[in-house]
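> In order, the protein sequence lines correspond to chains A and B.
Read in order, the letters of the first sequence are residues 1 to 441 in the working numbering.
Read in order, the letters of the second sequence are residues 442 to 771 in the working numbering.
Worth flagging that the hints you see were computed from the coordinates, not collected in a lab.
A few of these clues could be false.
Simulated restraints, written as ranges between beta carbons of each label pair [claimed, not checked]: (1) Thr754/B / Gln431/A: 51 to 61 Å; (2) Ala632/B / Ala139/A: 49 to 59 Å; (3) Ile707/B / Lys18/A: 51 to 61 Å; (4) Thr113/A / Glu764/B: 22 to 32 Å; (5) Glu622/B / Thr113/A: 33 to 43 Å; (6) His102/A / Ala680/B: 43 to 53 Å; (7) Lys749/B / Leu49/A: 49 to 59 Å; (8) Val76/A / Asp663/B: 50 to 60 Å.
Cβ coordinates follow ideal geometry from the N, Cα and C atoms, glycine included.
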Amino acid sequence: MPFHFNHLKNTTLEKTAKKLRRRLWFARFRRDFLRLLVVVFFICGAVVLGMRLLSSPKLPWAVMLETTAAGVFIVVIAALLTSRRHLPDWRRLLAWMDAAQHGGGLYVTALETDLGEWKPTTPTADELPETISWKPAIAPLLLSIAFLIGAQMIPISEKPIIKEHHLDVSEKVAELEEKIEFLEESSLIPEKTAEELKETMEDLSSQNDAKDPAKTYELIDAVTSRINYAADMAYETLETEASMKESFSAMLQEMLDKHAQESQSLSELAELCDQLSFSKEDLEKLMKEMPNQPQLSPEEIQKLIEKLKEQGKTARQLQAKLTEKGLSQSKGKEGEEMEAMLMQLGMPGQGGISRGRGDAPLDMSGKTEDFTGTFKEEKLEALMNKNDSMLLETQAVKPDVKPSDMEAGRAGSLQGGDAAVRQNRSRIPPQHRNAIKEYFK
Amino acid sequence: MLLTPEQLLPQQQLAQKILDELNRILLGHEEVHRLLLIGILSRGHVLLEGLPGVGKTALVKALGQLFDLEFKRIQFTPDLLPSDILGGNILQVSPDGRREFVFQPGAIFANIVLADEINRASPKTQSAMLEAMQERCVTLQGETRKLPFPFFVLASQNPIELEGTYPIPEAQLDRFLFKLEVTGVDAPVLAQIISQRRRGEPPAPTWHLTPEQLQGLFDAMDAIHLAEPVADYIARLVAAGHPQNALALPEINQYVTFGASPRAAIALAEAARAAALLDGRPTVGFDDVKSVALPVLNHRLILNYQAKLEKITTAHLINLLLEKTSPATL
Chain A
1 MPFHFNHLKN TTLEKTAKKL RRRLWFARFR RDFLRLLVVV FFICGAVVLG
51 MRLLSSPKLP WAVMLETTAA GVFIVVIAAL LTSRRHLPDW RRLLAWMDAA
101 QHGGGLYVTA LETDLGEWKP TTPTADELPE TISWKPAIAP LLLSIAFLIG
151 AQMIPISEKP IIKEHHLDVS EKVAELEEKI EFLEESSLIP EKTAEELKET
201 MEDLSSQNDA KDPAKTYELI DAVTSRINYA ADMAYETLET EASMKESFSA
251 MLQEMLDKHA QESQSLSELA ELCDQLSFSK EDLEKLMKEM PNQPQLSPEE
301 IQKLIEKLKE QGKTARQLQA KLTEKGLSQS KGKEGEEMEA MLMQLGMPGQ
351 GGISRGRGDA PLDMSGKTED FTGTFKEEKL EALMNKNDSM LLETQAVKPD
401 VKPSDMEAGR AGSLQGGDAA VRQNRSRIPP QHRNAIKEYF K
Chain B
442 MLLTPEQLLP QQQLAQKILD ELNRILLGHE EVHRLLLIGI LSRGHVLLEG
492 LPGVGKTALV KALGQLFDLE FKRIQFTPDL LPSDILGGNI LQVSPDGRRE
542 FVFQPGAIFA NIVLADEINR ASPKTQSAML EAMQERCVTL QGETRKLPFP
592 FFVLASQNPI ELEGTYPIPE AQLDRFLFKL EVTGVDAPVL AQIISQRRRG
642 EPPAPTWHLT PEQLQGLFDA MDAIHLAEPV ADYIARLVAA GHPQNALALP
692 EINQYVTFGA SPRAAIALAE AARAAALLDG RPTVGFDDVK SVALPVLNHR
742 LILNYQAKLE KITTAHLINL LLEKTSPATL
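The following block holds chain B by itself, in its conformation from the complex (with noise of 0.2 Å):
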C-alpha cells in the first residue's frame, strides 16, 4: 500500500527545508545540494570533486551543522596511517593504578566524517578509511566495533595538482554512491557571495535536524514504491553501458573497457527513491532516474585510452545513453 498524499506530505517538506537551508548558507550550488540531500537520504556515501575554492569543505561542513549529528573532519596527508583514523589501543593507568590496553576510537566513528582531500593520503590509509564505509565497522586486533548509526562519508578532493596524491582505485570509487563535480559559479551569484558573506564565513544554520526526523525521512524513503517497469529501464540502462552487451551503444563499445557494476544499479534504484521523496511522490518514475544517472554512473564507467584521446567524456556517454535507452518502446 503506497504512503497517502498526507503521510509522504511532512516528510517532503522537511526534504526541501533541508534543501532551503542549505542552499541559502551555500549560494550558487542548489543542484549540488539537491544530489547530496539525495546522497544521504540514500544512506550513500559522496564523493566531492572541485577546485580548490569553490565551496567543498564549506558544503560538508554546513550539512554537518545542519543535522545535529557528529560531525568529524579529517584532513588527508601522505603521512597520515590507518590508526589515525581508526583508532587504537593505547596503554592508560585506571585509578586502582593498573595498566591495561584501552581503545581509543578514531576520527571515523562519528556520523558524519569530511574526508578532506581523500587522495592526498597513502593507498593503505585509503583502503583502511574505504573498508570501514563499506563494511560500516571497525575491527582492530580481532575486535569488531560497529560505526554509529547514521554513518556518511563525504570525501572531496582536487583534479589538479595531482603530483603526490594517490589516485582512488576504480573498485574503491565504486564504493561512493554519487561523485559530484563542484564547480564555480556565475557572477550574479559571485556578486551576492561578495555582498552577503563578510570574510567567506556562511551563516550558521537557524534550524537542526534531528536523529529522529531523519530517521523519519529514511522510513519515507523505504516506502516509496519502485515499479516493475522502472527497474527494468534502471537495468537496461545499467547493461547497455556495458560493453559487447547485447544492448550496448556502438558508441559504449568504442570507448567504454568497463561498465558500472551491480551496486551501481542498486545505487541508481536508492537514489531514484529519494528523487521521488523530494518530488513528493510515493513512486519512482523513469525522469527521477534519468536526474541520478548522471552522479551514479559517472565515476563507474571506465573509459579507455581512445575516449582519453578523442576528449570523450563519462558524462557525454551516460547523455548518449540516457537519450538512447528508451524507457519503454510501442
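Bound-form chain A, shown alone (with noise of 0.2 Å):
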C-alpha cells in the first residue's frame, strides 16, 4: 500500500514510518531466511544420512555445490516473498509505532486528519519488536548444520544389506528321485521318461540359489505332477493286468475241476480264450514254457493256473508299493466304490438322530452298545433352589411316608399335611434373575 496522505508528505513522521518499513522487512526476511535455512539444512541431513546408511553411491562436490546453491537461492526467494507478504500496512505500522513511541494517538490521527499545528515527538525507528527478533533462529540453525555434519560424517555402510542365502530343496529333490528311481527300478515307466526326469533333477539342483525361487518351485510342481500322472498310469496298468489274470486263472480252475476226467485240447482252450477276449500273448508267452506242446494235461493246465495266479499277485504288490509310495492315489474298484458311499452317508450336514453328529465322518467302525439300565429321577439343584425358581402350583399328594417312619417317636417322621404338598417350580433362567430381583426390590 503506498503511503499517499498528502498531509504527511516529506514530513519526520513519513521519513520515520518508511525507514521503519524497510527495517521490519529487513528483520522479517532475515528470520525468515534463517528459519527456512533450518529447515534446509535437516532436510538436506536426513537425506545424507539416508543415502549412507543404504551405501548409496557418493554424490560428487559439484553436484553437492551446485544443489546448495540452489537450496540457497529458493530459500533466499521464499524469504523475500514471505517477508513481504507479512509486511503490515501503513495504519498498522503507524499505531505500532504510536503505542511504542508513546505518541498520544498524533500517529495514528495523523493518517486520518491534518494534525495541523501540533507537532508530536519525532519517533525513532530503531527499536524493533522482539517477536521479529533472528537471535531465537540462531540455536536450531547451529542444531541442523550439526546434524548435516555429523551425517556427513557417518561412514558408509559396507556390507550389503541383503544376505546371500540358498534355497533348500534338497529334502523334495531327494524324495523325487527316490520316486524316479522306484518307478525305474520297477519298470513302471519307459525309460527314456526316466531319463528326462534325471535331466530334470539336475537342473533341479543346480537352480537352488534362490535367485528365482518361484522358478524353482515351478519345475518342483512340474516333476511331481509328471511322476504322479506316470505311476496313475502304471497304477491303472497294474489294475488291469492282475484283474484279468485273476478272473483268467479262477475261469481256468472251474474249467479243470468240472472236466477234471476229460482231456482237453489245446483248441477248446483257445476258443475259451477268445471268449473271454483274453490277450492271447501273454497266454502264449505262458504256453512256450509249457512242456509237450500243443497238448496240456490236468497238470499242466494247474501249472498255468499257479503261475497266472503268481503274476496277478506281483502286480498287486507292486500296486502296493505305489500306494505305499504316495505315488498313486488310486484306491481300486472296491475303494472306489467304498468312497462314494461314505461321501453319500457321510457328508457333512447329513446327521440326524439316527445318524449321528452331521460333520461326523461315518465310518461304519464300532458298535453302539444296547441300552438296558433305567433312568433314576433326580430333581437339579437349579430347580430346588427357592430363589432362582418360581412357584407354579401346589398340590396336594399322597405323603410319601415308609412304613418305618411312621413309627411313633422317629426322629424326622413326616406328620400332618408337610407330608403331602409337593410344590411345581418353574426354573428362572440366569439372565432375567437380576430383573425379576430389581422389579420387586
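Dock the two chains into a complex; use the hints.
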C-alpha cells in the first residue's frame, strides 16, 4: 500500500515510517531466511543420512555444491516473498509506532486528519519488536548444521544389506529322485521318460540359489505332477493286468474242476480264450514255457493257473508299493465304491438322531451298546433353589412315607400336611434373575 | 480539524487547576482526584468504594464546593423512600384560598448529588435513583421533569458491614462510569493531615469553577479526536473480556461469567478523551485508554465462583487484558 497521505508528505513522521518499514522488512527477511535455512539443513541432513545408511554411491562435490546453491537461492526467494507478504500496512505500522513511542494518538490521527500546528515528537525507528528478532533462530540453525555435518561424517555402510542364502530344496529333490528310481526299477515308466526326469532333477539341483525361487518351485511342481501321472497310469495298467489274470486263473480252475476227467485240447482252450477276450500274447508266452505243446494235461493246466495267480499277486504287490510311496492316489475299484458310499452317507450336514453328528465322518466302525438300564429320577439343584425359581403350583398328594418312618416318636418322621404337599417350580433363567430381583425390590 | 495548541491550552490549564485545588484540599488521593475529574468531564456517574473514614464523603463535598453548582447530599437508609429522593406533589393553599397540589422537587434535583452509602437503601429506592441517573429526568404521575444540566451522581458505599445492606445489582452498577477504590493513605501523608488539618476539617476552596468554564471543558472534550486504530483497540479490549469470544484470553474463559457491555466501550472511549484533555492533547492515545481501563471495567466484569475461590480479582484480570491485548501487532 503506498504512503499516500498528502498532509504527511516529506514530514519527519513519513520518513521515520518508511525507514521503519524497510527495517521491518529486512528483520522479517532475516528471520524467515534463517528459519527456512534450518528446514533445508535438516532435510539435507536426513537425505545424506539416508544415502549413507543405504550405501548409495557418493555424490560428486560439484553436484553437492550446485544443489546447495540452488537450495539457498530458493530459500532467499521464499524468505523475500514471505517477509513482503507479512509486511504491515501503514495504518498498523503507525499504530504500532504510536503505541511503542507513546505518541498519544497523534501518529494514528495523522492518517485520518491534518495535525495542523501539532508537532508530535519525532519517533525513532531503531526499536523493533522482539517478535521479529532473528536471535531465536540461531540455536535451531546451529543444531541443523551440526546434524548435517554429523550425517556427513557417518561412514558409508560397506556390508550388503541382503544376505546371500541358498534355497534348501534338497529334501524334496531326494524324495523325487527316490520315486523316479523306484518307477524305473519296477519298469513302470519307460527308460526315456526316466532319463528326462533325471535331467530335470539335475537342473533343479543347480537352480537352488534362491535367485528365482518361483521358477524352482514351478519345476518341482512340474516334476511331481509328471511322476504322479506316470504312476497313476502304471497303477491302472497293473490293475487291469492283475484283474484279468486273476479272473482267467479262476475260470481255468473252474473248467479244470468241471472237466477233470476229460482231456482238453488246446483248440478248445484257445476258443475259451477268444470267448474271454483275453490277451493271447501272455498266454502264448506261458504256453511256450509249458512242455509237450500243444497238448495240455490237467497237471500242466494247474501249473498254468499257479503261474497266472503268481503274476496277478506280483501286480497287486506293485500296486501296493505305489500307494505306499504316495505315487498313486488310486484306491482300486472296491475303494472307490466304498468312498462313494461314504461320501453319500457321511456328508457334513447329513446328520440326525439316527445317524449321529452331521459333521462327523460316518465310517461304520464300532458298535453302540444296547441300553438296558433304567433312568434314575433326580431333581436338579437349580430347580430346588427358591431364589432362582418361580412357584407354579402346589399340589396335595399322597404322602410318601415309609412304614418305618411312621413309627411313633421316631425322629424325622413326616406328619400332617407337610408330608402331603408337592410344589412344582419353574426355573428362572440366569439372564432374567436380576431383572426380576430389581422389579420386586 | 483538530484544536490548535493555543485553543486547547486554556482548557488543559483549567482542568489542571481543578486537580491542584482538589489535591490541596484533600491530601494523598491524587490518582482518585484525577479519575474523579475524568469522570466529571466524561459526564458520567462515579461510585466510590472504601472503608469508613478514608475521605469519600469529604472528597465529594470538596468537589461540590469547588464547582459553582448546586450540590445536595442524600444519606441512604433502609427506610428511605423513592419520593424522598425524587420529590412529590403536596397539597398547598394558595394566597387566594384555593387548595392545589404543588410539585416539591426531591434531593435529586441538583447538579451534583452525593448518594452516601447507597447500598443501605432498599432496592426500590435504589432503582428510582438509578433510573433517574440513566434517563436524567424524573417522571411522576405522568409528568416528566428534566434534571438540571450538568447532573452527576457521586455515590459512596462501604465494602464492610454488609448486614442490612442491599448490594447494587450488576445491571445497575453498569450505569456508573467509574467504580473507584478509595484506599487509606501512607504514613507521611497521614502525618501531614494530622499537622495541617485541625479536627480533620479540609480547607475551603480558594476558587470556584463557573458553569461557563465547565461548559468550555465539555466543548473541548467534544473536539478531542479518537482515531480509528484506538477505537479498534477499545473494541478489542472489551471483546476480549467476554468469555468464549474469539479474542478472549484463557483466564477470561476460566474466571469470567459475563463481560462488559457496549456501554463500557463507550465509557472507555469517553474517559480516554478526558484523560487526553488532562494531558493537553487533542487526540486519544493508547496510553489514555490503558489509564482508564481499570475503573471503567472494574465493576463490569462478573466473575464466577472459581475466581472467588481462587481469590482472583477483576483488577488482576483487567491488568492481564491490558498486558496481552496489543494496541497494534506487526
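> For every hint, state whether the structure bears it out.
Verification of the hints:
1. Between Thr754/B and Gln431/A the CB atoms are about 60 Å apart, so this pair conforms to the stated range of 51 to 61 Å.
2. Between Ala632/B and Ala139/A the CB atoms are about 56 Å apart, so this pair conforms to the stated range of 49 to 59 Å.
3. Restraint check, Ile707/B to Lys18/A: a C-beta distance of roughly 36 Å breaks the suggested window 51 to 61 Å.
4. In this structure the hint that Thr113/A and Glu764/B lie 22 to 32 Å apart at CB holds, the actual value being about 31 Å.
5. At roughly 37 Å, the beta carbons of Glu622/B and Thr113/A sit within the given window of 33 to 43 Å.
6. The hinted range of 43 to 53 Å is not satisfied by His102/A and Ala680/B, whose Cβ atoms lie roughly 24 Å apart.
7. Checked against the hint of 49 to 59 Å, the pair Lys749/B and Leu49/A passes, with Cβ atoms roughly 57 Å apart.
8. In this structure, Val76/A and Asp663/B meet the distance hint of 50 to 60 Å, their C-beta atoms being roughly 54 Å apart.
Violated hints for the displayed structure, listed by number in ascending order: 3, 6.
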